[in-house]
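S.K.: Required output: the full structure, derived from the provided sequences and hints.
Sequence order for the protein chains is A and B. For the first sequence, the working numbering assigns the number 1 to the initial residue and increments by one for each residue that follows. For the second sequence, the working numbering assigns the number 428 to the initial residue and increments by one for each residue that follows.
What the hints contain is simulated information worked out from the structure, not anything from laboratory work. What you were told as hints is all true, and nothing was included just to trick you.
Each pair of labels, with its calculated beta carbon distance range:
(1) A/200 with B/521: 28 to 38 Å
(2) B/746 with A/169: 55 to 65 Å
(3) A/404 with B/466: 31 to 41 Å
(4) A/404 with B/658: 46 to 56 Å
(5) A/37 with B/605: 51 to 61 Å
(6) B/759 with A/273: 21 to 31 Å
(7) A/37 with B/746: 55 to 65 Å
Keeping only pairs whose Cα atoms sit at most 25 Å apart, straight-line, the calculated BS3-like set for lysine-lysine is:
(8) B/811 with A/277
(9) A/303 with B/736
(10) B/796 with A/277
Don't be surprised by glycine CBs; every beta carbon is placed ideally from N, CA and C.
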Amino acid sequence: MDKKQEKQKDAGKVLIEELNQDEKESATHKRSFWNVITIPLLAILSGLIIGAFLIAATSTSVYTAFGQSFGKGITTAFSEIGSAYAALFTGSIGDPVRIFNALFSGDKEQIYKAINPFLESLVQATPYIFAGLAVALAFRAGLFNIGVEGQLFIGAACATFVGYAVKGLPVYIHMPLAFIAGGLGGALWGFIPGFLKATTGGHEVINTIMMNYIAFRLTEWLLSGPMTRPGSGGMPISPLIEESAQIPQFFPSPIRFHLGFFFALGFAWLIWWLLFKTKWGLNMRTVGTNPRAAKYAGLSVVKTTMIGMAISGALAGLAGAIQILAVNRSMALGLSSGYGFDSIALTLIGNNHPVGVVLASILFGTLRNGATRMMVVSRIPIDIVDVLQAIILMLVAAPAIIRTIYRLKEPKQEETTVFVSGWGGGQ
Amino acid sequence: MTPILQLKGITKRFPGVLANDHIDLDLRKGEILALLGENGAGKTTLMNILYGLYQPDEGEIFIEGEKVTIDSPTDAIKTGIGMVHQHFMLIPVFTVTENVMLGEETIKYGDFLDRKKAAKRIMDISEKYNLQVAPNDYIRDLPVGVQQRVEIIKLLYRDAEILIFDEPTAVLTPQEADELFSIMRSLSDQGNSIIFITHKLREVLDIADRIMVIRRGAVVGETTPDQADKNSLAAMMVGRDVNLEVEKTDKEPGDLVFSVKNLVVADKFQNIVVDNASLDVHAGEIVGIAGVQGNGQTELVEAITGLRKSAEGEITLLNQDITKASPRQITELGSAHVPEDRQADGLVLPFPVAENLVLCTYYKEPFSKGVILQYKTILDHAEKLIEDFDIRTPSAMTPVSSLSGGNQQKVIIARELSRPIDFLVASQPTRGLDVGSIEYIHKRIVQKRDEGCAVLLVSPELDEIMELSDRIVVMYRGQIIADLPNKDVTKEQVGLMMAGVLPEEALAEGDQHAVEPAL
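M.R.: Now the structure itself:
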């Protein structure tokens, strides 16, 4: 009996911390933080181990070595795996030796170049953060937004248009204007399925998927028609945006680290505040967790659904806008490497919490970025990284596997109830 | 004589809970043993072990002196144990015969079902135990009481000799319950042994040969109806003295607070479920709506609280027309609602107690300023209500899902009754709760009435209606068929009206009963 009460007390404290961060006690915080990230961490570890086998199994030199002798095969396999993961590490975080040397030399440019892999990982993480927040917010409101990718494209198109078509504005007006335009575009694209769900009951999963197709084809048409770059020779690419619309990068090229990353952190804080500190957030979470109780409490489920989808769409649109304004500076069809779809998965890893989303986004950005170098250095196909990510995700999504492998205890019930509600959105 | 069933030292642990603690139980042939205990006391766990759904951590089961292991319900049925579940396991679109045969098909010519032979056997059983059913009726057309008989026949068809009844009267009218008791009696007279699980004291005293009381997973006492009374049983169940009588003074009702005129409500299939209903509730008065579940009470309450649109009619609260008002408008006028299904409607289970305590008011000062929630105020408010309403929770931030049913209900009661209100709708406020919580919630409702609040109480528990109400309204098939002061009717009369007997006849009948106490 006592043990049970002890357990419940812990759960209560975790929640208090979530709600009142300034009142937290450091000791209990550490433990609960550890509880939350154990499964994702072990999933990543397991994913890397399984990935090691894949790397060995897809390398031709390993097969050749095994042809010569078993021992040689094993050593080659280990060296292949080692070099691949070393490349993954240096490509995403940086080469420690190089960073060390650069710091000692004191040469600014050398330092920038040495830490660029890490900064580039943050650049890659930025759209993930926005897209992940979009999914997380929708989840909390009981909605499953699969349309992030489409909303991202529409947001990017709107930001691009304002970026090149509006001329002669100062930076402090033009840049926010283009950014907001991206958000509004995404909001509209999210609002439509939200409206359909609220008024007709059409399920948002189907409608957001369909809205994706419309968005893809619409941007294709825009880029090869009304928004095409003069003299592009029929290539579907937009004109470059005005300099006044650009979100500044901090360092000289090729370092792409930009202010947008801090925008992303700012928005993560904003969404956290919105969800857990305001009555709007409580409205949304109530509707998302128990629509019947929300109705009983006098909330408008219809209104909350529409607003939730619109805000979620806006965040997705911002993901597209940030990519255009800070990194690409013009819009082409290859804008997104599936940010919108990956974000659904990374939100799951991040437990639908803004902080978790930021951490998971940085993980994804790091993996994506390191993969490029892994491909170049070790000639490992980038697809292996996709497979790696997929394995990690599966392990996170099926915590029972991790728990069985590492013999962890079952979590308390209330921990698992949070994101299930997103799936049963139909009424 | 060896008992037909013997449990020795049955122990079952769940993480953090000792559900059954070395329970010993003997069941003699032909007796009715009542297993009495509060919700969560471990009755159902014990029966699930007996029925093969759980395996005990320790302990042994003997049938007629022979040790058995029961790994599944199939094993249980083979050893002659059958269970009538609280929620029936019947297929509505199959006939009685088909349901009874299911899993134990009688076959002829290879693989063809022999319905006739099965029906014949059902009729034999039905005659032997006085269980009246028509083998060719479809389950969906049968009243609940008859469906339960089909469940019993299913067990007898499989030659079960030990029958377990899990809270069998929860879904029945008082008359149906009486019929069930006579069936149980005839079953035991013919040599079957019965374990009867319940938390209703009256039923235990009516029907049991022997009573075993379980509290917190352990047997705390054994008695017989001759030696026990309601109060002693309640005390054993709860572990302290319980006052079962609601203390209530007579009071003149005040002004009209709430009224419904000619209300018609349709369900989602456009069936009329509330038919031309009218009723008034005055200040300082409890009006109890009696009726078997599913006679339109749920929809009536939903219409009153703004959760469902009414088709026709007029609803007035404090001289304002609220027929088309939203739930929030109705709440803000000074009404409170204790919903029928607390987990589905009344609470957001993963949310902490503190947030659930402000579920209907968090958007207003002082709980939020501007758009920002004032968590300090919300927590202080929660601490106060936890204290005032004796909610047993480790902290104000504990998710409501980890509280017991009684404490979950106290959260709702605290939230609704702590506001300044003029009108309270309480729908099945004590459903599934233990004696201690029922006592407490009844006291609170009466207290609210004494403060001058108008109360509309809906309950299928006739005892609850009789004890609390100043006036009793009976609903049958969507219509209000009677509206009488409590003192003018007896429980039997209300019971008859719940079954659809018109008030004039019911009152006449009741009088006869009164004249002939022998009946």
